[in-house]
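Q: Residue numbers (the working numbering), protein chains in the order written: chain A, 1 to 388; chain B, 1001 to 1232.
Don't read these hints as lab results, they were simulated from the structure.
Some hints could be false.
[Said to hold, decoys possible] Derived DSBU-like pairs (lysine-lysine); straight-line CA-CA distance at most 30 angstroms:
no.	chain 1	residue 1	chain 2	residue 2
1	B	Lys1126	A	Lys154
2	B	Lys1217	A	Lys154
3	A	Lys247	A	Lys167
4	A	Lys298	B	Lys1217
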Amino acid sequence: MTGRRSSQLRVAEELARRGRLSAAVAACYEALAIDDRDPFVHALLGHLMLEGDFYDEAIEASTRSIELDPGCSPAYLALGLAYDRRGGMWDQSVLVWHELAEVVPDLVTAHVQLGEAFAAAGFEQEAVDSWRRALELDPKHSRAQYNLAIAALKREGMSTALPTIRKAGELDPSQDELFFALLGLPAARIEFDAAQVKPERGARLAAAGMLLRREDFFAASDLVGLLLGENPADADALALAAYAYLKQEAANEAMACALRALTYSADLPMALYTLGVVYSRFPGLARHAARVFIALAKAAPQHSLTHVLLAESLLGLQRYGQAKQAYRAAVRLDPACVRARFGLAAVRLTEGAYAEAQWEIRRAAYYDTRRQGTFWSLYDAYAGEADA
Amino acid sequence: MRVNVEAAERSNRVASDDVALLYEAFVSQDPAAAIQVVERVRSSGVPQQLLFDVLYVPAMSLLGSAWAEGAIDEVVFTQASVVAEQIGSFVMPPVARADTGVSVVIGTMHRDRHSVMKDIVASALKEAGYRVNDLGVDVRAPDFLERLDETGSRIVIACAEMLATARAVAGVRDLLAAENRDDVVLLVCGGPFAADPGLARAIGANGVVASAESALKLLARVREELLGEGAA
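In isolation and in its complexed conformation, chain B is listed as follows (with noise of 0.2 angstroms):
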């Protein structure tokens, strides 16, 4: 917190000299120059996420102003906004979340092809850094064990979407059981468990994906208070 706060701090201290001197840049058609100007000021201390806003913002609001009021024509303002789009990369937050370094074995019970949720939730958790080791529908208990072994991962989640698949996910539960694998957090999903609550206490489930967000909301929990951080 206390780094935050530090940071914004040195944001808030982007003097309006650099703010001028991108501006400067952008109308002399100086991409260099430009970079140069950004390289300092991240180098000064402000963080990749506020560039954006502590110098690229001010700098494109005076050029939008310089071109209101005459101080440079269409053509000018044209080249200056090339400019301004060079260097974008460099001002733009950071597109990908960061690795949490957590890695989650997911996939759709054995004799259940529906990969609609398994897909939605696998992609969302791949977007929130998850490292996702998706085996697809149809899978089989043991292939669950496997995955997890080859991966060093703690999380599985299996998707049923039928009550007799659903209930088949007490297999996975006691064959982790069997390979002593109590250490490992099994969260299901699917319509039957959504349908029924107690259905997933009664298979050994620690935990039901009911939606995409509520996938990314139990995986942090499950970071913070099962396994700590970067433990899996």
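Isolated chain A, as found in the complex (with noise of 0.2 angstroms):
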């Protein structure tokens, strides 16, 4: 490894991290010309090569990175998925992974990734073996549990692997942020004190919602016991208490409050979206969670999820058409919905549809690392180690 960068090289990083793609690449040039046995400038040049979709230069890049020096993760990394992303070369593919996952035994994505390249390769034991070592690593990891999913499905379908997919689902953040914007939250987390909160309506919700979110539910449910006490009708304050029972595992307590909710505001989103995930979770509701779902993707249609969580209730009804159709309109409204594409993976298998599934996996997966910044942060983990 090589102990410093040069200032060429970090104004590549720069630029890569800003997102101006061919200006760091023309850095990354120059800093080569300088030292052209860098392994981070090639690592670099590999990731910029595959953000650009470059896949053949990607593969050179990092292939050179590793070769001179062999302890270069994020080069790794940048090598499986442009194999992956180019196709048809799953052996390389499950060699590299293999090899991040020992250079760095505790990166689940390493796992993942390998689990998939197997999968690929037609290795189904191999692969389900290296999902589990992911789930061992982090129990919580959504996308290693819609791929045993999809291999239960193979194996024994879709009857075993709806449950996972579900499972997974709710592993997934990306549901209770759903409730969240269904109540109008912003994205982004605001601190504040409990203690502070206006005495209105408005403020008091906002402020129940955003402690839910934080997992405070004393806190939350104070203030909703307030806005009931002002009206025990308030459709918003009960669908809030409904979700608090929800994620308190409380399902009882959580449909019973969802239900007179819906009493007092037929199509409130909050409540349909508890009720729904309610009686998903009882094998016998299979046809009242997808009534619930159809309502709430009327309700929310501009929410990919509320489409994701439609398509999920009608797999268990075995209408894997409409399924279709529900996941294909989640998945135009946000390309990058991992659930949305292993379920639509999941409906093509039941088609015969093995090579569409196999793409959708793919792109899942290509959304899914992306999103979680893995790169930048093997990247800087490298950097630490050549600057200590």
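Now that you have both chains on their own, put them together as the hints suggest.
A: Structure, rendered in structure tokens:
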């Protein structure tokens, strides 16, 4: 490993982090003109080429980086992703993800990607083992769960796969974020003092929502209690109470509050969401869950996850064609929706469309790994080791 | 149809008294009383699949209302919810679909080890109430016939994902004809049949299973048109 990074490389890094890809590439070539044996530069160049969809160039640069330093973890990531996205190079891909899992043993993404490479190459049991290893490292890793659901679908059909898809969905933080989006909370988290909330309905609702997002259930319950004390027929407050109970695994209390909220406001999205999630936990209520999620998708069609929830309830009713339409609506709204991509892959498998299913999984993997910013976390850790 | 209408009418007549009694049983933490209410409503003619909607849901809504109005405190609300959970199984719609009584023999052709589509279709059919006899992969034509004889089934789904094994399904049809089993419905499933619709006709298949959902539709049609209800 080289000790110090050149100033040209630091310029390239800064440009890359800001998303100025072509300028970053130019800076990388300047850095290479000074020292063409710097693994950092080649790794960064590999990442930039990958971002620009130049897979062969990404493979070349990343391979060179690994040749210069077999411990260069970000280069393995870029190389593995380049192989995966180029397609048809599953044997190389398996080797690279295996190497990365050895270089950074606690990197969950490496095990998940290794599993996906194994699955694409037809090594189903090895794939399952890799995803299980990923879940040992991070039991809440939703993508590993989605992959296991797809593996279960291939072996045992939808009735076994669907509970795993739902379990993965509940691990996925985007499902909770849907509730807060339905409430109208901004995506950014705002720090505030619960004791200083204005004695107004709107302020209390928003504050209760923010407290629920922090999983501060006691403080949220106090505010909801104040709202219901003023108006026991406040549908929004009842919906918040329902969500709070749901998050505390009190499904019947959640159902009671959500049902009451819906008697006051029949298409209140927050109450529909909570009731639908409760219903979907009971296999006998699949039809009920579908009805509720149809209403939710109509009430809040702009959120991709409402369509995903509808699609999953339709899978439970064996209405795979309708589920596909709902998943497609979700992907149209948010092409990076990993849960919708995996769901679509599941539906495509029920149609015998293996290549299309594999394509959806690859897209999901691409968006998920990118969203996590894994390259930069590996790069920074590698740079930290070099600086040390 | 008339039966359904009558059941719905009876369900609409579930008295608000019954709902209130169920709510009271929840709040007084009396599961036995709750079950009595459920059984009384069921014996009045309300079908199992409607009990949840006409009785349980309104009672739970009353419970939510009582908590919101402060008529019951948090502890009573929680205890009442526990009772509601305990009697949940008495009001839940049935999970499993009714047994159709129709047996289906399914397997992947000899020299073909592709199992994914076969497994997905078999699972979908089982979930829909069919009696599925899964022969696995690499199944020879006589094995299909043998299982048909054993189970009394009249439906075979032969899966093949390669052109050579798809063509070999003709051997199953020939064997059925040789054994005078023209009553058997032969369905085929797999990529070659999806790619070439003429292939299924050429080998004497009665239909193509293009997906899990199409298997359900096709089997429903076979049940109604060819076999008659319960004839398999």
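Q: With reference to the structure, classify each hint as holding or not holding.
A: Going down the list of hints, with the structure as the test:
{"no.": "1", "hint": "B/Lys1126 x A/Lys154", "in the structure": "holds, 15 angstroms"}
{"no.": "2", "hint": "B/Lys1217 x A/Lys154", "in the structure": "holds, 21 angstroms"}
{"no.": "3", "hint": "A/Lys247 x A/Lys167", "in the structure": "holds, 14 angstroms"}
{"no.": "4", "hint": "A/Lys298 x B/Lys1217", "in the structure": "holds, 28 angstroms"}
Hint compliance for this structure: every hint is met.
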